[in-house]
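In case you want the letters, here they are:
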Amino acid sequence: MSGRDTVMASIRRGLGVSGREAPRRQAVESRIAGHPSGLRPARGQLPPKERLELFVTMVERSAATVARVGALDDVPAAVAEFLRRHNLPMRAQRGADASLAAMPWAAETTLAIDAGPPDPASLAAVSRAMAGITETGTLVLASGPDNPTSLNFLPDNHVVVVTAADVAGDFDAVWARLREKYGESLPRAVNLVTGPSRTADIEQTLVIGAHGPRRLHVVVVGEAE
Amino acid sequence: MSAVVTSPAFKANAKAALADTELQKALALVEVNFIVRRRAAADQLPEFEALRDEARDIKDHALAHLDLYLEEYEKRVVAHGGHVHFAVDAEEARRIVLDVCRRLGAKTVTKGKTMIGEEIGINSFLEANGVVPIETDLGEYLIQLRGELPSHIIAPAVHLTKAQVAADFRRCHADLPRDRDLTEPTTLAAEARTVLRQKFLAADVGITGANFLIAETGSSVIVTNEGNGDLTQTLPKAHIVLASIDKVVPTLEDLSQLLRVLARSATGQEASVYTTVSTGPRRADDPDGPNEYHVVILDNGRSNMLGGQFRDILRCIRCGACMNHCPVYSAVGGHAYGWVYPGPMGAVMTPALVGIDKTGHLPNASTFCGRCEEVCPVRIPLPKMLRHWREREFERRLSPATVRAGLRFWAFFARHPRLYGLATLVFARSLAWFGRRRGRFRFLPFARGWTRHRDFPAPMGSTFQAQWRSRRRSS
Numbered sequence: 036m037s038g039r040d041t042v043m044a045s046i047r048r049g050l051g052v053s054g055r056e057a058p059r060r061q062a063v064e065s066r067i068a069g070h071p072s073g074l075r076p077a078r079g080q081l082p083p084k085e086r087l088e089l090f091v092t093m094v095e096r097s098a099a100t101v102a103r104v105g106a107l108d109d110v111p112a113a114v115a116e117f118l119r120r121h122n123l124p125m126r127a128q129r130g131a132d133a134s135l136a137a138m139p140w141a142a143e144t145t146l147a148i149d150a151g152p153p154d155p156a157s158l159a160a161v162s163r164a165m166a167g168i169t170e171t172g173t174l175v176l177a178s179g180p181d182n183p184t185s186l187n188f189l190p191d192n193h194v195v196v197v198t199a200a201d202v203a204g205d206f207d208a209v210w211a212r213l214r215e216k217y218g219e220s221l222p223r224a225v226n227l228v229t230g231p232s233r234t235a236d237i238e239q240t241l242v243i244g245a246h247g248p249r250r251l252h253v254v255v256v257g258e259a260e
Numbered sequence: 317m318s319a320v321v322t323s324p325a326f327k328a329n330a331k332a333a334l335a336d337t338e339l340q341k342a343l344a345l346v347e348v349n350f351i352v353r354r355r356a357a358a359d360q361l362p363e364f365e366a367l368r369d370e371a372r373d374i375k376d377h378a379l380a381h382l383d384l385y386l387e388e389y390e391k392r393v394v395a396h397g398g399h400v401h402f403a404v405d406a407e408e409a410r411r412i413v414l415d416v417c418r419r420l421g422a423k424t425v426t427k428g429k430t431m432i433g434e435e436i437g438i439n440s441f442l443e444a445n446g447v448v449p450i451e452t453d454l455g456e457y458l459i460q461l462r463g464e465l466p467s468h469i470i471a472p473a474v475h476l477t478k479a480q481v482a483a484d485f486r487r488c489h490a491d492l493p494r495d496r497d498l499t500e501p502t503t504l505a506a507e508a509r510t511v512l513r514q515k516f517l518a519a520d521v522g523i524t525g526a527n528f529l530i531a532e533t534g535s536s537v538i539v540t541n542e543g544n545g546d547l548t549q550t551l552p553k554a555h556i557v558l559a560s561i562d563k564v565v566p567t568l569e570d571l572s573q574l575l576r577v578l579a580r581s582a583t584g585q586e587a588s589v590y591t592t593v594s595t596g597p598r599r600a601d602d603p604d605g606p607n608e609y610h611v612v613i614l615d616n617g618r619s620n621m622l623g624g625q626f627r628d629i630l631r632c633i634r635c636g637a638c639m640n641h642c643p644v645y646s647a648v649g650g651h652a653y654g655w656v657y658p659g660p661m662g663a664v665m666t667p668a669l670v671g672i673d674k675t676g677h678l679p680n681a682s683t684f685c686g687r688c689e690e691v692c693p694v695r696i697p698l699p700k701m702l703r704h705w706r707e708r709e710f711e712r713r714l715s716p717a718t719v720r721a722g723l724r725f726w727a728f729f730a731r732h733p734r735l736y737g738l739a740t741l742v743f744a745r746s747l748a749w750f751g752r753r754r755g756r757f758r759f760l761p762f763a764r765g766w767t768r769h770r771d772f773p774a775p776m777g778s779t780f781q782a783q784w785r786s787r788r789r790s791s
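Quick note, the sequences are listed as chains A and B, same order. For the first sequence, this note's numbering begins at 36 and goes up steadily by one. For the second sequence, this note's numbering begins at 317 and goes up steadily by one.
There's no promise every hint is true.
Just some of the chain A residues that point at chain B, by a computed CB distance under 10 angstroms [stated by the list, open to error]:
id: 1; residue: Asn122
id: 2; residue: Leu123
id: 3; residue: Pro124
id: 4; residue: Phe206
id: 5; residue: Leu221
id: 6; residue: Val225
Treat the hints as calculated values from the structure; they're not laboratory data. Just so we're clear, the structure is a prediction, and the values are computed from it rather than from any experiment. Even glycine gets a Cβ: it sits at the ideal position worked out from N, Cα and C.
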């Protein structure tokens with residue numbers, strides 16, 4: 036008997052089932068097909084304007100910084116401002132994301148933006164989040180050529196662009212968008228990021244900047260409708 | 317090859333721990349930090365208590381349909397090009413991991429935090445077979461340098477002080493300049509980051525644990541703060557997930573509820589920094605990610621717990637709140653428990669996984685104060701389960717003769733209420749008379765275990781039952 040069969044048989048013995056019971060199968064199939072939400076905290080159910088304000092508050096509470104800009108075209112200036120403020124080299128890396136590619140990077144004459152495969156030596160990266168989550172101040176980043184996962188973790192400084200329209204109330208709203216966009220097959224990695232990397236493993240003292248980015252800067256584009 | 321179980325030596329371990337001044341210094345911080353932060357996080361979310369009920373119900377539902385959810389999960393992992401390996405025991409799990417490493421010619425393996433990895437003793441096994449495992453979670457890295465087991469399930473090095481960490485770095489980091497400042501957690505963390513960054517880039521295989529497996533999507537989920545788990549699973553050629561059968565949950569919506577209670581119960585954060593949902597290996601157009609994705613699903617005795625009195629412990633989501641709130645844990649630390657899982661959840665899990673005959677006093681390492689159950693995000697009745705273990709210990713004649721004799725003696729009176737009332741009255745009266753001057757005893761026959769460490773207060777002369785009766789009469 037294979038390991039799988041042994042484990043399954045032992046589970047079924049423990050539960051006192053055969054695995055063929057129709058009501059059990061029905062329960063599992065309908066739970067997966069219907070994926071019902073449970074109780075959703077009230078703070079994730081605010082109207083758009085209050086939702087965006089709370090999102091910004093929660094992001095800042097996670098020790099990330101926030102810049103508000105009017106339009107996608109204003110992002111390069113916000114990235115340059117961030118790098119300058121922290122005295123960083125004026126260079127950043129991005130993926131193939133079309134909205135990032137279409138931004139007027141050339142207008143920032145001191146800033147070099149590199150598109151292409153992640154480079155372990157890069158100090159700063161720019162990514163576009165597919166969503167924000169208000170209840171926790173979380174950014175949602177999907178893997179793929181547009182926003183390679185390693186950009187979320189290798190560089191010391193991570194700038195994440197999220198539009199006001201993409202800021203959702205809670206986790207459940209984001210799962211719905213994932214299903215809408217990707218159907219039954221999720222991207223290889225969906226990263227939910229809440230603040231810069233940290234550890235409290237030494238004497239429970241909080242240290243920002245463990246293995247991932249030391250700084251997380253969120254550029255919120257536009258206003259709530 | 318899994319770590320040696322020293323649980324039978326709990327009393328000796330505890331005694332040594334109480335005398336260890338460095339350990340006591342480190343443990344003193346547990347109580348202030350974890351407890352206060354959890355309370356604050358829970359208070360900020362009005363729905364928190366109701367969410368705990370839902371989290372409990374989700375895990376109960378998943379366990380009741382475990383065979384079917386595992387099948388659904390497996391089907392979807394395979395559909396995404398991943399591999400699922402079921403392992404009956406630790407040996408089989410280790411073998412599966414080594415086979416993947418060998419096939420890929422792996423020299424080094426980076427590891428995110430995995431308690432299953434600890435449970436199966438994967439590090440020493442890989443090392444013995446010529447593969448170098450490198451822990452990358454800061455706490456796990458620290459205890460790997462020392463050759464220790466974790467002393468806490470979410471803060472493995474909670475028993476160490478920064479001075480000890482600095483000494484370990486000076487001992488183990490060959491290129492470390494003598495004048496490097498290693499006095500503060502910030503500089504220590506920076507040093508570890510520099511050393512481990514090179515290891516991430518060089519590793520052939522990355523091993524992580526899994527906080528959850530999602531049947532609906534065929535995904536594994538890790539929840540971390542450092543980002544080490546993500547570097548571990550993104551950069552190497554293969555990602556191996558070490559999970560156990562109880563990790564599967566039905567849907568993403570169920571994940572929401574569990575995430576809402578997990579971080580708040582564990583570290584008091586609204587959310588951990590990185591929650592990563594991973595589905596299969598690198599896609600055709602992916603610029604990064606592992607080429608192979610393997611999930612090892614370990615049983616190791618858990619399926620046997622489904623049918624009996626210990627099923628509820630399989631709801632555990634490994635937040636660590638039970639140990640953070642345990643007066644025994646915060647006095648003696650995690651190592652005294654003698655195996656991989658410490659604290660109340662460890663005292664319940666360990667006898668189930670390694671056998672009650674090999675775990676000695678563990679079920680007794682509790683005052684039954686009930687704080688663990690009060691804070692458990694999935695409402696596991698931990699004290700009740702410890703009591704079940706004590707009963708089994710008694711039935712199998714594993715408890716010491718004095719305890720058994722004492723219990724028999726007490727049981728006789730407990731079955732004869734009138735006699736019980738009379739005996740306690742005589743006992744209380746005479747103790748009150750003997751202790752009338754001091755109001756306490758420095759020494760009492762048959763109670764040396766108590767009086768060795770503290771005085772025994774003299775009774776006031778009346779028994780509880782007598783007071784109860786007179787109160788009922790007067791009301």
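Against the structure, the hints come out as follows:
With a cut of 10 angstroms, the hint placing Asn122/A at the interface with chain B is violated, because the nearest CB-to-CB distance is about 18 angstroms. Of the supplied interface hints, the one on Leu123/A is violated, with its beta-carbon coming no nearer than about 17 angstroms to a beta-carbon of chain B, more than 10 angstroms. Interface restraint check for Pro124/A: the shortest CB-CB distance to chain B comes to about 18 angstroms, outside 10 angstroms, so the restraint is violated. Using the Cβ-Cβ criterion of 10 angstroms, the hint placing Phe206/A at the interface with chain B is satisfied: the shortest such distance is roughly 4 angstroms.
For Leu221/A, the interface hint holds, since its Cβ comes within 10 angstroms of a Cβ in chain B; the closest pair sits about 5 angstroms apart. The restraint placing Val225/A at the interface with chain B holds, with a minimum CB-CB distance near 4 angstroms, inside the 10 angstroms limit.
Of the numbered hints stated above, those contradicted by the structure are hints 1, 2 and 3, listed in ascending order.
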